[in-house]
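Trainee: Listed below are the residues making up each chain.
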Amino acid sequence: MLSLVTRAAGVWGRLRRACSGAALLCPQPWMEKCPADHVVFSSPYSSHKKEKLDTSIFPVENIRNFSIIAHVDHGKSTLADRLLEITGTIAKTDQNKQVLDKLQVERERGITVKAQTASLFYSYEGMNYLLNLIDTPGHVDFSYEVSRSLSACQGVILVVDANEGIQAQTMANFYLAFEAQLAIIPVINKIDLKNADPERVEKQIEKLFDISKDECIRISAKLGTNVEKVLQEVIEKVPAPSVNISDPLKALVFDSTFDHYRGVIANIALFGGEVQKGHKIVSAHTRKTYEVNEVGILTPNEQPTHKLYAGQVGYLIAGMKEVTEAQIGDTLYLHKQPVEPLPGFKSAKPMVFAGMYPVDQSEYNNLKSAIEKLTLNDSSVTVHRDSSLALGAGWRLGFLGLLHLEVFNQRLEQEYNASVILTAPTVPYKAVLSSAKLKKEHGKEEITVINPAEFPDKSSVSEYLEPTVLGTIITPDEYIGKIITLCQTRRAVQKDMVYIDEHRVMLKYIFPLNEIVVDFYDALKSLSSGYASFDYEDAGYQAADLVKMDILLNGNSVEELGTVVHKDKAYAVGKAMCERLKDAIPRQLFEIAIQAALGSKVIARETVKAYRKNVVAKCYGGDITRKMKLLKRQAEGKKKMRKIGNVEVPKDAFISVLKRQSEK
Amino acid sequence: MAAPGWRHPRARLAAALRSLRAARQHRARQPSRAEPLQAALYVHWPYCQKRCSYCNFNTYIPRGLDEESVRSCLSREAQTLIRLSQVQRISSVFFGGGTPSLASPLTIAAVLETVSRCTHLAADAEVTLEANPTSASASRLAGFQASGVNRLSIGIQSLDDAELRLLGRNHMADEALGTLEEAKKLFPGRTSVDLIFGLPGQSVSSWARGLEELLQLCDDHVSLYQLTLERGTSLFKQVQRGSLPVPKQEVVAEMYESAREMLRDVGFRQYEVSNFARNGALSTHNLSYWQGSQYIGVGPGAHGRFVPRAHGESLREARIQTLEPDSWMKEVLACGHGTRKQTVLSQLEVLEEVLVLGLRMDIGITHQHWLQFATSLSLWDVFGTSEEVKELEDQGLLLLDNRGLRCSWKGLAVLDSLLLTLLNQLQKSWEDRTAHRT
Chain A
1 MLSLVTRAAG VWGRLRRACS GAALLCPQPW MEKCPADHVV FSSPYSSHKK EKLDTSIFPV
61 ENIRNFSIIA HVDHGKSTLA DRLLEITGTI AKTDQNKQVL DKLQVERERG ITVKAQTASL
121 FYSYEGMNYL LNLIDTPGHV DFSYEVSRSL SACQGVILVV DANEGIQAQT MANFYLAFEA
181 QLAIIPVINK IDLKNADPER VEKQIEKLFD ISKDECIRIS AKLGTNVEKV LQEVIEKVPA
241 PSVNISDPLK ALVFDSTFDH YRGVIANIAL FGGEVQKGHK IVSAHTRKTY EVNEVGILTP
301 NEQPTHKLYA GQVGYLIAGM KEVTEAQIGD TLYLHKQPVE PLPGFKSAKP MVFAGMYPVD
361 QSEYNNLKSA IEKLTLNDSS VTVHRDSSLA LGAGWRLGFL GLLHLEVFNQ RLEQEYNASV
421 ILTAPTVPYK AVLSSAKLKK EHGKEEITVI NPAEFPDKSS VSEYLEPTVL GTIITPDEYI
481 GKIITLCQTR RAVQKDMVYI DEHRVMLKYI FPLNEIVVDF YDALKSLSSG YASFDYEDAG
541 YQAADLVKMD ILLNGNSVEE LGTVVHKDKA YAVGKAMCER LKDAIPRQLF EIAIQAALGS
601 KVIARETVKA YRKNVVAKCY GGDITRKMKL LKRQAEGKKK MRKIGNVEVP KDAFISVLKR
661 QSEK
Chain B
1 MAAPGWRHPR ARLAAALRSL RAARQHRARQ PSRAEPLQAA LYVHWPYCQK RCSYCNFNTY
61 IPRGLDEESV RSCLSREAQT LIRLSQVQRI SSVFFGGGTP SLASPLTIAA VLETVSRCTH
121 LAADAEVTLE ANPTSASASR LAGFQASGVN RLSIGIQSLD DAELRLLGRN HMADEALGTL
181 EEAKKLFPGR TSVDLIFGLP GQSVSSWARG LEELLQLCDD HVSLYQLTLE RGTSLFKQVQ
241 RGSLPVPKQE VVAEMYESAR EMLRDVGFRQ YEVSNFARNG ALSTHNLSYW QGSQYIGVGP
301 GAHGRFVPRA HGESLREARI QTLEPDSWMK EVLACGHGTR KQTVLSQLEV LEEVLVLGLR
361 MDIGITHQHW LQFATSLSLW DVFGTSEEVK ELEDQGLLLL DNRGLRCSWK GLAVLDSLLL
421 TLLNQLQKSW EDRTAHRT
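So the protein lines, in turn, are chains A and B. Residue numbers for the first sequence follow the numbering used here, so the first one is 1 and each next one is one higher. Residue numbers for the second sequence follow the numbering used here, so the first one is 1 and each next one is one higher.
Derived from the structure by calculation, the hints contain no laboratory data. As the structure is a computational prediction, the values presented were derived from the model and not from experiment. You may find that some hints are simply not true.
As the list claims (entries may be wrong) - Straight-line C-alpha distance at most 25 Å; calculated DSS-like pairs for lysine-lysine:
1. B:K428 - A:K629
2. A:K618 - B:K330
3. B:K390 - A:K632
4. A:K440 - A:K430
5. B:K237 - A:K638
6. A:K640 - B:K428
7. A:K582 - A:K651
8. A:K458 - A:K601
9. A:K437 - A:K548
10. A:K627 - B:K237
11. A:K659 - A:K643
12. A:K582 - A:K567
13. A:K627 - A:K639
14. B:K237 - A:K618
15. B:K50 - A:K582
16. B:K248 - A:K627
17. B:K428 - A:K651
18. A:K569 - A:K508
19. A:K618 - B:K50
Stated by the list, open to error - Partial selection, computed: residues in chain A whose CB lies under 7 Å from chain B:
20. K569
21. R612
22. V615
23. A617
24. Y620
25. G621
26. L631
27. Q634
28. R642
The beta-carbon is built from N, C-alpha and C at its ideal position, and this holds for glycine as well.
Model the full assembly from the supplied sequences, consistent with the hints where possible.
Mentor: Below, the structure written as structure tokens:
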């Protein structure tokens, strides 16, 4: 039960009460019964005590701010559980499993989506320390969040699985920490496993990260082996934050969540000064002023304190109504005492777009409210209303990456019981305009194209650009051949290939983003029997030979099926779309030509033959009722079909073409 | 049952006059509806010796059948429902099943006698019996004839023994031809044969050969049915499992087309989607379904469409009798009939049935035919201005002219597709008219 003593549990519990129960699918109904402030803690600082904690007892030199970073499933969350137990932050029970991973999808996928933070109290060699564990999202889609979380830290625990060794995400995480010049504590986890080979992993760490193997701590987070040593290393190796209480307030927002009763709760790290209830603060990004209602630390639920001081990490509530008012990376300062904002702030930039439609239009409002609730806590999802002639009213959503999209969809389904049609993801292309008229129309030379219908013609464009990523693949060497072939079919360009030990290879490729958004990860996993790992980071835009492909039914273009593809891929994509349509469009009274065309040039064609016989042979007394029922149902269905020229297309046909294909 | 003194002809006349007046008043109130005071009668015999592999009808393999009880229940229900309908005459009787040729001629005679007692059954009214070759020896056929049957429909289905086995029939081709021979002697010009096409594994040429052979021997009426794989049948399961091939749409269409042509070439008129006749040997009973006439269904699971005038109703009802024979019998004994479900049909629903059924005939729906059911909404009103109907006409599938609305030769084969457009158009016109009136 204690695993629920969390901020998120409270938030979701309240959310559930706030909306109609049936719309929500909550796997833990007892959540409601334990709102955060009524739970008994084993920690002496727990929130059931009414008096506020005085954090001034921790001087800056006794504070350590750190993160745990790791590849998926290497044991980050289990290690966090042990650290919370050792420090008495949570009671030690068998039920502490991934305490900081609250969401069902996090537990199912073994990933962290929404970072959690916990302040730990620890005595070491006669001194009391305040250790702030700043959890980070575990995937590159959230690399911006990771980088902001890391900027609140001075050190990281880099966890590597003793059996799997360094994986693609380990690399990405290491570089983020390394670039931020953080102290790195390498930890080799799962040494209790039968196949554990910590020596091999130490060699990899030495080779790739240039960290002496003597520095590695071998642990079993599951059994608690050597975990105490990790804490001690944090105190020894991670420097205290170098800040000054006498400076004006300078606080970094590194995360934010939404609470229905209290509004936005911003997680902050103080780089200077102090903050308390009643202070007037300003957001450097929005320039809006707020009065602070409450400050406190996270243990990991909110625990109010009198003040937060430079070097400390905690939360702040100041009457912000939307998460967009507390954007990750923003700097807060005191009214009339402006400071230089902390560097590195960016607004979230969606890189993968997908259409989302209710399966049944009558569900539109329910879905709308579910999306609104989910985005309350995730300002990085962009939402634009959209409507498709075939799928009805819906939205075009922008996500940081593929996993972000999947997580969002899964949360809608699991937490809100919403059933949606999600269209195949697309990426934002750019066009450099050559036509003076278009330049004037757009007021700029380079435009971003998200909707294929707005894709400008080649004649008025000097160059098209597509987003790319730098992908890292780490794989046992027996799969190299297949992986290289896969990458080549995805138009990827190899940048690097090194052996990280005798049997494992790290490959680096520049990929066009649209080549990996659909099914790359699944393909990679299946051809490597699950052994290859993949991660990627933004690598900017590159020129690309893009074309707009139209789908024609008996010569009439179907607007919602228009798509932007690379010229080399047009035939394969067009053929696949035509084939899928052929299977989904029922026979009609005339032949139907399904064509994929680039401009006036047809590149693929399928034919649906005309009905020659479509009449039920037998129709006497007893059959009439049944036949009437059938015909009337079909006639109703016919009314709902979309007419393209004279061709009637059922909604299912659009869905089968537009929907994300998980197979193949 | 408000039909006192039904035995006395004058009393019967009085009752008829009452009904007629009621009908006139009714016509005055609802000018679009006018049910003539007659109906066709369908009698369901639910038993078979063996279930065919393709059949999902309401049939039972009886154990220790008490035919006398069945007989009296069929008669009792016929009497109840005929009185309920207050029809003045029964235009035709059809004994279907199941395998009604398994019934005793006594049963057939008993039902017909009841009908004649309750209402008028003309001496020359068509009385058809469905016969299965194994249960239709010459002597039995003569017995049926003596009981009043004057038309026979023989379930030959195929002249290929392997196909017959596949269909789960319990007769062989030879037996079928023997029965046909006998039937033609007893019911010259009034013997029909049923054939099934589109069997798994059947080719267009093997089908054509079988039909060719039959055409040498058959009488003046042929019914051709495309095999439909019905859920729950053993044939459906075999095809699902993959142990039998699925008949290809194209091949089946070709079979139908070639059969239509072959029959036309030897002088048969395709007067309905699946029915062919020469020398004017059309089945009047089945025609009455397609013309949207009233019919009364008697026996387990039988369907009916009639106005229960004895209850003072004026709208037609769709009625279904209880399916399971034993339960049905109990209900008939308890309340005179085993009607399990009765649904009042709206005027629009009746028109929809008239449309769907009428277009199955080669003559389609004449203006007079339509106006019997919709006095104030002509075929022209409904379909004359529709763009989509015009498209179908332009494609050569449908005709709307001074005779009425009907399918072309090509259109008849794809009628179900045409009907979707026509049903939607009818619904729209009906709603427009209703909105206009209110």
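Trainee: Now tell me if each hint is right for this structure.
Mentor: Evaluated hints:
1. B:K428 - A:K629: 18 Å, holds
2. A:K618 - B:K330: Since the Cα atoms of K618 (chain A) and K330 (chain B) sit roughly 31 Å apart, the hinted pair is violated (cutoff 25 Å).
3. B:K390 - A:K632: 21 Å, holds
4. A:K440 - A:K430: The hint holds at about 17 Å.
5. B:K237 - A:K638: Outside the cut-off at roughly 30 Å; violated.
6. A:K640 - B:K428: With a Cα-Cα distance of about 15 Å, the restraint between K640 (chain A) and K428 (chain B) holds, given a limit of 25 Å.
7. A:K582 - A:K651: Since the Cα atoms of K582 (chain A) and K651 (chain A) sit roughly 14 Å apart, the hinted pair holds (cutoff 25 Å).
8. A:K458 - A:K601: Distance of about 15 Å is within 25 Å: holds.
9. A:K437 - A:K548: 21 Å, holds
10. A:K627 - B:K237: 22 Å, holds
11. A:K659 - A:K643: Distance of about 20 Å is within 25 Å: holds.
12. A:K582 - A:K567: 23 Å, holds
13. A:K627 - A:K639: 18 Å, holds
14. B:K237 - A:K618: With a Cα-Cα distance of about 21 Å, the restraint between K237 (chain B) and K618 (chain A) holds, given a limit of 25 Å.
15. B:K50 - A:K582: 42 Å, violated
16. B:K248 - A:K627: 22 Å, holds
17. B:K428 - A:K651: 22 Å, holds
18. A:K569 - A:K508: 22 Å, holds
19. A:K618 - B:K50: 21 Å, holds
20. K569: 34 Å, violated
21. R612: 4 Å, holds
22. V615: 4 Å, holds
23. A617: With a minimum Cβ separation of about 4 Å from chain B (threshold 7 Å), the hint on A617 (chain A) holds.
24. Y620: 6 Å, holds
25. G621: 5 Å, holds
26. L631: At about 6 Å, which falls below the 7 Å cut-off, the nearest Cβ of chain B leaves the hint on L631 (chain A) intact, so it holds.
27. Q634: Nearest chain B Cβ about 5 Å off; hint holds.
28. R642: 15 Å, violated
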